[in-house]
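J.: Top to bottom, those sequences are chains A and B. 1 is the number of the first residue of the first sequence in the numbering used here; add one for each residue after it. 1001 is the number of the first residue of the second sequence in the numbering used here; add one for each residue after it.
It is worth saying that the hints were derived from the structure and are not from the lab. Ideal Cβ positions, reconstructed from N, Cα and C, are used throughout, including at glycine. Some hints could be false.
[What the hints assert, rightly or not] Over 10 Å on every C-beta distance to chain A, these chain B residues come out as not near it, computed from the model:
1. Ser-1066
2. Arg-1111
3. Val-1114
4. Val-1115
[Unchecked claim] Far from chain B, some chain A residues (derived; all Cβ distances over 10 Å):
5. Gln-8
6. Ser-98
7. Phe-104
[Stated by the list, open to error] Stretches of chain B that chain A covers, calculated by requiring three or more beta carbons in the stretch to come under 8 Å of a beta carbon on chain A:
8. 1014 to 1028
9. 1083 to 1093
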Amino acid sequence: AQTVTQSQPEMSVQEAETVTLSCTYDTSESDYYLFWYKQPPSRQMILVIRQEAYKQQNATENRFSVNFQKAAKSFSLKISDSQLGDAAMYFCAYEETSGSRLTFGEGTQLTVNP
Amino acid sequence: GAGVSQSPSNKVTEKGKDVELRCDPISGHTALYWYRQSLGQGLEFLIYFQGNSAPDKSGLPSDRFSAERTGGSVSTLTIQRTQQEDSAVYLCASSVVGQANTEAFFGQGTRLTVV
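Chain A with its partners taken away, still in its complex shape:
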């Protein structure tokens, strides 16, 4: 079974600085999808960024980028120029095939200090 591990229960960053959230996963598949979701206090999960395993290029969405290391089964999220609105719980998630269930990590609570 696939597993997703986030080893940082909590992280903090100063406003305008950069922070990296870690995620590792375990799978025997060669093609799959990886995601980072943000969950603010409103509870609604918001997709931050996605990565297809067959793509070697790391995904980027504005201030958010990933470092995808397929051989190491590592998928970290880098947030540049952190803003107060980035404060939330961040979840890493794995999807075996498009539209199948998501397997989530335990989450990392990010605090942004002014």
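Given the coordinates of chain A, assemble chain B onto it according to the supplied hints.
T.: Using the frame of chain A, we list chain B on its own:
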């Protein structure tokens, strides 16, 4: 509606009572998922619908949990004889399957408290 809608937003029930949680997915989304999020934990998969059928219900924790989907739209998650360990946030998501870059859109969840 514009997004996934879940009701009620919060539910407090007495141990042993039955509860029904409702999810109204985005119009046209064929896939619907239920997840459970216990306090301070990640999301745990419960069940997946494609249309009205449930090809994957492997995450339902016990036979007290059931779900149905009618008309390929609204879904109801029912928990019978609730227990305190059922207290959690129940999140619903929907997506369009078969397209590139499929994204699961989540509702705001139902916070269930069993007292």
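J.: Please confirm whether Val-1115(B) is truly not at the interface, meaning its C-beta sits more than 10 Å away from all C-beta atoms of chain A.
T.: holds (20 Å)
J.: Holds or violated: is the Cβ of Gln-8(A) farther than 10 Å from all Cβ atoms of chain B?
T.: holds (13 Å)
J.: Counting residues of the segment 1014 to 1028 of chain B that have a beta-carbon nearer than 8 Å to any beta-carbon of chain A, does the count reach 3?
T.: violated (count 0)
J.: Would you assess whether Ser-98(A), listed as outside the interface, keeps its beta-carbon beyond 10 Å of every beta-carbon in chain B?
T.: violated (5 Å)
J.: Does the claim that Val-1114(B) lies outside the interface with chain A hold up, using a Cβ gap greater than 10 Å?
T.: holds (18 Å)
J.: Examine each Cβ of chain A, and state whether all of them lie more than 10 Å from the Cβ of Ser-1066(B).
T.: Its Cβ never comes within 10 Å of chain A, the nearest being 18 Å, so this holds.
J.: Check the non-interface label on Phe-104(A): least C-beta distance to chain B beyond 10 Å or not.
T.: violated (4 Å)
J.: May I ask you to check that Arg-1111(B) keeps its beta-carbon over 10 Å from the closest beta-carbon of chain A?
T.: violated (8 Å)
J.: When I compare C-beta atoms, does the segment 1083 to 1093 of chain B have three or more residues closer than 8 Å to chain A?
T.: Contact hint for the segment 1083 to 1093 of chain B vs chain A: holds, 3 residues under 8 Å.
Hints 2, 6, 7, 8, counting from the list given before, are not met by this structure.
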